[in-house]
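There are 6 protein chains.
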Amino acid sequence: MNILVVNPNSTESMTRKIIETANRVASAGVSVHGATAKGAPASIEGHFDEAMSVPALLSCVRAAEDEGVDGIVVACFDDPGIGACREIATGPVLGICEAAVKAASMLATSFTVVTTLPRSVPVIERLIHGYGLSHQCRRVRSAEIPVLALEEPGSNAREKILEEIQRAIEEDRCEAVVLGCAGMADLTAWLSEETGIPVIDGVSVATRMVEALVGCGLKTSKINAYARPNVK
Amino acid sequence: MNILVVNPNSTESMTRKIIETANRVASAGVSVHGATAKGAPASIEGHFDEAMSVPALLSCVRAAEDEGVDGIVVACFDDPGIGACREIATGPVLGICEAAVKAASMLATSFTVVTTLPRSVPVIERLIHGYGLSHQCRRVRSAEIPVLALEEPGSNAREKILEEIQRAIEEDRCEAVVLGCAGMADLTAWLSEETGIPVIDGVSVATRMVEALVGCGLKTSKINAYARPNVK
Amino acid sequence: MNILVVNPNSTESMTRKIIETANRVASAGVSVHGATAKGAPASIEGHFDEAMSVPALLSCVRAAEDEGVDGIVVACFDDPGIGACREIATGPVLGICEAAVKAASMLATSFTVVTTLPRSVPVIERLIHGYGLSHQCRRVRSAEIPVLALEEPGSNAREKILEEIQRAIEEDRCEAVVLGCAGMADLTAWLSEETGIPVIDGVSVATRMVEALVGCGLKTSKINAYARPNVK
Amino acid sequence: MNILVVNPNSTESMTRKIIETANRVASAGVSVHGATAKGAPASIEGHFDEAMSVPALLSCVRAAEDEGVDGIVVACFDDPGIGACREIATGPVLGICEAAVKAASMLATSFTVVTTLPRSVPVIERLIHGYGLSHQCRRVRSAEIPVLALEEPGSNAREKILEEIQRAIEEDRCEAVVLGCAGMADLTAWLSEETGIPVIDGVSVATRMVEALVGCGLKTSKINAYARPNVK
Amino acid sequence: MNILVVNPNSTESMTRKIIETANRVASAGVSVHGATAKGAPASIEGHFDEAMSVPALLSCVRAAEDEGVDGIVVACFDDPGIGACREIATGPVLGICEAAVKAASMLATSFTVVTTLPRSVPVIERLIHGYGLSHQCRRVRSAEIPVLALEEPGSNAREKILEEIQRAIEEDRCEAVVLGCAGMADLTAWLSEETGIPVIDGVSVATRMVEALVGCGLKTSKINAYARPNVK
Amino acid sequence: MNILVVNPNSTESMTRKIIETANRVASAGVSVHGATAKGAPASIEGHFDEAMSVPALLSCVRAAEDEGVDGIVVACFDDPGIGACREIATGPVLGICEAAVKAASMLATSFTVVTTLPRSVPVIERLIHGYGLSHQCRRVRSAEIPVLALEEPGSNAREKILEEIQRAIEEDRCEAVVLGCAGMADLTAWLSEETGIPVIDGVSVATRMVEALVGCGLKTSKINAYARPNVK
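Protein chains in written order, with this note's numbering: chain A, 29 to 260; chain B, 29 to 260; chain C, 29 to 260; chain D, 29 to 260; chain E, 29 to 260; chain F, 29 to 260.
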């Protein structure tokens, strides 16, 4: 089974981290292919960055489709271009926000999302409203760190995230935490150990859930919304 | 007051129709500027077309911002790239779906949307869910006509739309109808006359609503979600 | 174009302020007609006041209809008697709560309402639930001032409102603020300047939105819910 | 225990039917007091009639409060003026729509409402949305009969209602039916027998539910929304 | 009229308190029959306890049905096994959570629930979501006391509950309070007096509401969801 | 990795079919353990059957926990006892309804569920409401066949299911179909081929999704709702 994990921003170090994360959880026999959305913004912080990343993301998907990929993970927590990807893909396509919050809803009755910047909070709230999980989402919080700070070795990003999770447990009475950025994937195990509750990283979960759907022989529906694009 | 009305697809005849429609309703003293998203797909029929149109749409918005535009209408019923436009715009930005369904909710307790192709139905349903108006939307129907058929003089598009509206009144018991495509704008008056109920075209309504917001001195909020894009 | 702006309470000083506000934003060629609901309570603070104001409000609407008014604004944030007004009106009818929260939802992903008394908070929450915008409304707050204190020159009402807005920005992380009383209309510009976020006054917005609907040739639907009252 | 059952329209024959219905179900020791909203419209068919009935309804409530009534039923399915009544009442106040749909939700997982005229359908849908029971309400149907036809001995109203209920069972797969007009109260037993499913009349249910609340020592909350009207 | 009030846990002292409460509010002519779910857990604190209590609860219901009971109250705030009870019952069946929150929604625009342990909070939130009353429920709070502490004479349970209610009034701005455990029934009058707002105990309210439904001749629907169990 | 797949009814032929299905999709290295809820009803058709099956189901879970199982699938579409299982389990627990509808929501914008008997329709609708996916579920349909007919070689169950799916595509305009009974698992591939849309079987999907969660190192949250049962 071949799974494409695309990083929709153009920061290669992030792609490497994402591929490592996906490989760590992938089943035996599953081949993880990474891709970086060349020409996309260096990080996706808001609607504009997201919109500008999608054409490059779609090129990655097209290329992988040509090579017969079985399923696709879009590794940015804003779930950019998912509908468009689903139109051009044959197999399942999952964004890491959708995968992570749906996983959280299976492990706990409530969860809080901890993301990077305040400007991403309403974006994520809207996604969760669309996924129908607002009633299980206690709150979307930001740790007030830019996405790329997660890539800087000396930054205090991990401490700030841990503190925000501890506040979430205390103030939101949440039972699980979802990490709201692909760049946090490498902190998952440590954060879970420190806090004692499920800490969910979308990259791992999306990789394994796409595997799950492919393993059941399921593909993206090709009638109506996700039918292949009309030829003009 | 200067208002930009962008056609996010690349079909110039559609841009002309949209500008005419906007000019027909614009108040004295309001200058309507049209723009076509060059390089975008010829019509927007689904998520892929939508995603591919947004960068060109954003260029139009950037250019208009540089010239000091006061407000912006995005003239495609899928409301593409609205969040991204709002980040780079100073004044209000409105998609024609949002404008039309919110107008409908002010004139009637329920409405039905009549759009072009079946594949657009779930896209529009999702938008309306996001706008919080699912409880007033009886149904989203398609008249089963491709977007560009609306531009062909000899097509029977207008009859099919009229028939679909008549079915909506009968079967959905809706009190108003929203036209689910910018390309239907020129049929509004005729359809309203034939059916006796409010028939709402998003291009006109969005133009006048942007005018309304600008006229009240209102601009897009610049904290959090719609703050200007971060410089990388 | 003739627009009626009715004050559903009987305080003439409030009517004057409302008319001034509406005139300040009205387009050239639009004639604003004010009316006071004679015999109604001096202010509308709760359901009882609201109910007692409606027959007088409906008389104002009837009179304006007889003179061929094109659209109507009901200038009380509890949106009293809107359905009844719509039944007897030909053109569009808008309450200032509906207009303001729908405008807010176009300029920001979230907003907080600041109203006068605590007793009005649940009334407004219920309206917003009905308009489908609960998911964008962070909170309805009261500045703990009686409606008529807004008319007293020496009161500290404006300071209390400013402070409440500042708390809303801090605690609710809202991106815009809606003023929850027609009597606050004259403070809008000042509050917006002080806070740097969109501050939305329903009187202005409703006036321009009714203009917008009339300008598009739209009228209140006359089938089902808003059909003319049955003759007994 | 003294319970007021107010008919908010001015048709005395309807008041008599309502009192009879309430008396039929009232517990021993409960005294049912009837009242007619003098000066109100002869029937309540839509928002305008409703608004015009409320001041007269409130007078009936005031008078009963002065005589120490324990609880109040407002016997019109549009639940007119309930909030206002609750402000001036000491004991519980129930509208027959709220009582009936909440009762239905206790006896079945889904119900359909059968009302008189099409124009009342959206009014009732909105009430049910406000009561939070849209997910249990299959549909609101009208039997296409004017309210006062229910008072005419020779009309075929009862047959039309029966037929509409039979269609509801067949098409809506509902498990219970709520009668959407106080004037249908006398048909309940017959309709239930004919159809074999629970047929719920709001007048009976509201009377007994008010009894229930009074019997538990419960009164309307007097903080915030239902506090007594402010003295001006 | 015969009403069964079942305690789904096996603690007899709790059954006695529940029967006393039900008897205190029951109308003249109503005979309250108590039952204890023998073999069930000593208290119901979470999903496991709840599941383990249901078969014993169903035996109590079966036995009462055989003796011709008219209506049934399930006296645990988690509303265990209600659907199953409704399938085997002829008359109405009410859980005390459903009864209490629906009663609260008739007396106030908002309420807070105060329950025993934190682990029950999400259980109750989910119930309220299912009953459609999330928009009126300000918050579900726990007083951090185990269920059986309510049975210990010397515990400070009542003080902790009072304090939690006072916090709810202050912080949640709720207008009524629902007691989230059958074991709190005896504190209702005292708590209501201390706080001045409606304090609602589910046991009393459910008893009188079942009475109300029976008194109107209403029974559980026997088509679809609550039809008698299929014989295997 | 060890995964328990429990059949909560007592029909062994169904357990065998379920185990086969789970084994067909399980990854290399995953060991599927089947269990039958001994003493439970022969099939689960409604709330009563469901309630009576849960204690036996919980025994199976307890036994598997003692042997160190990693994750659990509850293979009945009514998702019986999931909360209780989660309290006593260490790893993830998934019901097949939750797994299937969440999978469907990843592959299509809308789906219809096809179940066995009409009485199960409202049960499933309620589950989907709780999972937050009502807005993507077009309809829950029944093919009007008893659960055990699926086990009879000569029955025309598969044809009836195919016909119901074809009606769903035509009338509901759904983009995917979810099979609403564990007993339909063996028909999935055939139905998908016949209809050309994704047909989703909960047993396969739940097995692979539990694998996915376990593979990511995720376990059921042990604070609040799913904490281990309190010792009495």
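Misleading hints may appear alongside valid ones.
Note: identical chains are not told apart, hence a pair may lie in one copy or across any two.
[What the hints assert, rightly or not] Lysine to any residue pairs mimicking SDA-like chemistry, simulated, CA-CA at most 25 Å apart:
#	residue 1	residue 2
1	Lys188	Asp200
2	Lys247	Ser38
3	Lys188	Asn30
4	Lys188	Glu48
5	Lys247	Ala177
6	Lys260	Gly158
7	Lys247	Arg186
8	Lys66	Glu199
9	Lys247	Gly111
10	Lys66	Pro83
11	Lys66	Ala56
12	Lys247	Gly182
13	Lys250	Glu198
14	Lys260	Glu222
If you're looking for bench data, these hints aren't it; they were derived computationally from the structure.
Hint check:
no.: 1; hint: Lys188 with Asp200; in the structure: both (17 Å within a copy, 21 Å between copies)
no.: 2; hint: Lys247 with Ser38; in the structure: neither (28 Å within a copy, 32 Å between copies)
no.: 3; hint: Lys188 with Asn30; in the structure: neither (36 Å within a copy, 37 Å between copies)
no.: 4; hint: Lys188 with Glu48; in the structure: within (23 Å within a copy, 48 Å between copies)
no.: 5; hint: Lys247 with Ala177; in the structure: neither (37 Å within a copy, 29 Å between copies)
no.: 6; hint: Lys260 with Gly158; in the structure: neither (30 Å within a copy, 29 Å between copies)
no.: 7; hint: Lys247 with Arg186; in the structure: between (37 Å within a copy, 22 Å between copies)
no.: 8; hint: Lys66 with Glu199; in the structure: neither (40 Å within a copy, 39 Å between copies)
no.: 9; hint: Lys247 with Gly111; in the structure: within (14 Å within a copy, 30 Å between copies)
no.: 10; hint: Lys66 with Pro83; in the structure: both (10 Å within a copy, 15 Å between copies)
no.: 11; hint: Lys66 with Ala56; in the structure: neither (29 Å within a copy, 35 Å between copies)
no.: 12; hint: Lys247 with Gly182; in the structure: neither (43 Å within a copy, 31 Å between copies)
no.: 13; hint: Lys250 with Glu198; in the structure: between (45 Å within a copy, 15 Å between copies)
no.: 14; hint: Lys260 with Glu222; in the structure: neither (54 Å within a copy, 30 Å between copies)
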